[in-house]
Amino acid sequence: GENVEQHPSTLSVQEGDSAVIKCTYSDSASNYFPWYKQELGKRPQLIIDIRSNVGEKKDQRIAVTLNKTAKHFSLHITETQPEDSAVYFCAASIRWPGAGSYQLTFGKGTKLSVIP
Amino acid sequence: DVKVTQSSRYLVKRTGEKVFLECVQDMDHENMFWYRQDPGLGLRLIYFSYDVKMKEKGDIPEGYSVSREKKERFSLILESASTNQTSMYLCASSSQQGSGNTIYFGEGSWLTVV
Chain F
1 GENVEQHPST
11 LSVQEGDSAV
21 IKCTYSDSAS
31 NYFPWYKQEL
41 GKRPQLIIDI
51 RSNVGEKKDQ
61 RIAVTLNKTA
71 KHFSLHITET
81 QPEDSAVYFC
91 AASIRWPGAG
101 SYQLTFGKGT
111 KLSVIP
Chain A
1 DVKVTQSSRY
11 LVKRTGEKVF
21 LECVQDMDHE
31 NMFWYRQDPG
41 LGLRLIYFSY
51 DVKMKEKGDI
61 PEGYSVSREK
71 KERFSLILES
81 ASTNQTSMYL
91 CASSSQQGSG
101 NTIYFGEGSW
111 LTVV
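From first to last, the protein sequence lines are chains F and A. Going by the working numbering, the first sequence opens with residue 1, and the numbers climb by one from there. Going by the working numbering, the second sequence opens with residue 1, and the numbers climb by one from there.
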């Protein structure tokens with residue numbers, strides 16, 4: 001099955017600096033790569049995703065890049081703000097045979113702290 | 001707005017008890033999931049269901065079972081709770097339509113087994 005490695009496990013940055021979180025995956029059939037943000041005590045929520053036919057996607061201060069050859073993808077947050085402090089999870093998915101649905105495998109998470 | 005509701009936010013159960021965690025979604029999603037979240041281990045899939053009465057094992061199904069009798073409801077069952085099942089349990093749902101399949105999570109259920 002799919003295996004997703006996520007680094008670093010913790011990350012501290014000064015407000016205004018950039019933050020980068022990296023993930024690698026093992027299954028070359030994976031074709032969908034979402035990123036979730038989980039604030040303390042809250043549910044994980046999708047912040048950005050990318051598909052295997054795209055190399056980069058940007059949404060305001062966040063961007064995701066994908067290198068299919070190397071099987072890794074990264075989340076980039078620019079001009080970080082204290083409200084960006086949370087745990088971030090990457091995930092990779094493959095279509096579940098016969099089920100018409102994607103099965104997501106998550107990384108172990110990165111705790112980002114933005115220091116004012 | 002998608003709503004995934006988990007009936008119990010905090011539960012304390014005794015070892016050996018049978019535990020039911022209930023989840024309801026209101027978006028007519030075909031897929032429903034149960035994940036377990038532990039510090040340092042991320043989100044691990046226990047079971048998922050892609051249709052009524054259909055279920056598939058995830059990465060860590062041992063000690064758990066599920067039930068999906070209605071499309072909107074997906075239950076996680078611990079037949080005989082053990083202390084190593086103390087954790088946060090997240091229910092989620094997604095649609096099979098389109099190519100997005102964004103997963104929407106519930107608020108989570110904190111289970112303590114003593």
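Mixed in with the good hints, there may be bad ones.
The calculated label-pair distances, taken between Cβ atoms and stated as ranges, are [as the list claims (entries may be wrong)]:
1. F:Glu56 x A:Lys13: 20 to 28 Å
2. A:Ser65 x F:Lys68: 36 to 44 Å
3. F:Asn67 x A:Met27: 48 to 56 Å
4. A:Lys53 x F:Pro82: 40 to 48 Å
5. A:Leu41 x F:Gly41: 36 to 44 Å
6. A:Glu107 x F:His7: 39 to 47 Å
7. A:Thr112 x F:Thr69: 39 to 47 Å
8. F:Gly1 x A:Lys71: 36 to 44 Å
Calculated directly from the structure, the hints in this document are not laboratory data. The beta carbon of each residue, even a glycine, is placed where N, CA and C say it ideally should be.
To see whether the hints hold, each was checked on the structure:
no.: 1; hint: F:Glu56 x A:Lys13: 20 to 28 Å; result: 47 Å, violated
no.: 2; hint: A:Ser65 x F:Lys68: 36 to 44 Å; result: 37 Å, holds
no.: 3; hint: F:Asn67 x A:Met27: 48 to 56 Å; result: 33 Å, violated
no.: 4; hint: A:Lys53 x F:Pro82: 40 to 48 Å; result: 47 Å, holds
no.: 5; hint: A:Leu41 x F:Gly41: 36 to 44 Å; result: 18 Å, violated
no.: 6; hint: A:Glu107 x F:His7: 39 to 47 Å; result: 28 Å, violated
no.: 7; hint: A:Thr112 x F:Thr69: 39 to 47 Å; result: 45 Å, holds
no.: 8; hint: F:Gly1 x A:Lys71: 36 to 44 Å; result: 27 Å, violated
The structure shown violates the earlier hints numbered 1, 3, 5, 6 and 8.
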